[in-house]
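A.B. asks: These protein sequence lines map, in sequence, to chains A and B. If you're matching positions, the first sequence starts at 1 in this note's numbering and goes up one per residue. If you're matching positions, the second sequence starts at 1001 in this note's numbering and goes up one per residue.
Please keep in mind that the hints were generated in silico from the structure rather than gathered at the bench. Hints are not guaranteed to be accurate.
[What the hints assert, rightly or not] Derived lysine-lysine pairs resembling DSS-like cross-links, with alpha carbons at most 27 Å apart:
#, chain 1, residue 1, chain 2, residue 2
1, B, K1003, B, K1041
2, A, K57, A, K15
3, B, K1098, B, K1041
4, B, K1056, B, K1068
5, A, K57, A, K17
6, B, K1098, B, K1068
7, B, K1068, B, K1003
8, A, K57, B, K1098
9, B, K1017, B, K1056
10, A, K11, A, K57
11, A, K11, B, K1098
12, A, K57, B, K1041
13, B, K1003, B, K1056
14, B, K1056, B, K1098
15, B, K1041, A, K11
16, B, K1003, A, K57
17, B, K1041, A, K15
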Amino acid sequence: GAGVSQSPSNKVTEKGKDVELRCDPISGHTALYWYRQRLGQGLEFLIYFQGNSAPDKSGLPSDRFSAERTGESVSTLTIQRTQQEDSAVYLCASSFIGQGATQYFGPGTRLLVL
Amino acid sequence: ELKVEQNPLFLSMQEGKNYTIYCNYSTTSDRLYWYRQDPGKSLESLFVLLSNGAVKQEGRLMASLDTKARLSTLHITAAVHDLSATYFCAVANFGNEKLTFGTGTRLTIIP
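Only chain A is shown next, with the shape it has when bound in the complex (with noise of 0.2 Å):
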């Protein structure tokens, strides 16, 4: 496809369980980022790829959430026994690798946890 795609669009789950959200990037960008939009804020990084590692992972909260890339392509973000306050919008945005690329997001995945 042209841009970056998320799935699912909308995840609603209850406390505890797990969930995996997926992404997508443009073909041939091999820099992956992932961020959190908490209701009425700006985004929050959690995890930068280089390929299919992670030279960044410093925004992630805590040691509930886990993200992996394969084949330079598809990212997944899994939040391991949900709480509340994972609720937010999950962006992911794909760029090339060069100072002032410009990172392209996609739709995200607004998560919410009962």
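Guided by the hints, dock chain B onto chain A, whose structure is given.
C.D. replies: Relative to the frame of chain A, chain B by itself:
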């Protein structure tokens, strides 16, 4: 730790007026981005500013960067309703790919 502040947080403007959104950041940076977000939508890239004194314009929007003051501005000229959205600036540190975002400015253009 890099911090990014925007002001104002909320801005209500009449059509046809000019206004400026300010973005201050706390440490030196080599890149600054402006994004637009419509309600319920994802972020759309507007501008990338890479050097001191950089100025970019697209339609009624113009962005500039002063790296010495650690300040970027987004100027809106003769606002129209279609510009109603939330605008974010985002900054990257040298050698770091992650973006640190400001809190956003919610702009409402009133007819």
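A.B. asks: Now look at each hint and say whether the structure bears it out.
C.D. replies: Tested hints:
no.: 1; hint: B/K1003 x B/K1041; in the structure: 25 Å, holds
no.: 2; hint: A/K57 x A/K15; in the structure: 24 Å, holds
no.: 3; hint: B/K1098 x B/K1041; in the structure: 21 Å, holds
no.: 4; hint: B/K1056 x B/K1068; in the structure: 18 Å, holds
no.: 5; hint: A/K57 x A/K17; in the structure: 23 Å, holds
no.: 6; hint: B/K1098 x B/K1068; in the structure: 21 Å, holds
no.: 7; hint: B/K1068 x B/K1003; in the structure: 16 Å, holds
no.: 8; hint: A/K57 x B/K1098; in the structure: 10 Å, holds
no.: 9; hint: B/K1017 x B/K1056; in the structure: 20 Å, holds
no.: 10; hint: A/K11 x A/K57; in the structure: 24 Å, holds
no.: 11; hint: A/K11 x B/K1098; in the structure: 26 Å, holds
no.: 12; hint: A/K57 x B/K1041; in the structure: 25 Å, holds
no.: 13; hint: B/K1003 x B/K1056; in the structure: 23 Å, holds
no.: 14; hint: B/K1056 x B/K1098; in the structure: 22 Å, holds
no.: 15; hint: B/K1041 x A/K11; in the structure: 16 Å, holds
no.: 16; hint: B/K1003 x A/K57; in the structure: 18 Å, holds
no.: 17; hint: B/K1041 x A/K15; in the structure: 26 Å, holds
Comparing the model with each numbered hint stated earlier shows that all of them hold.
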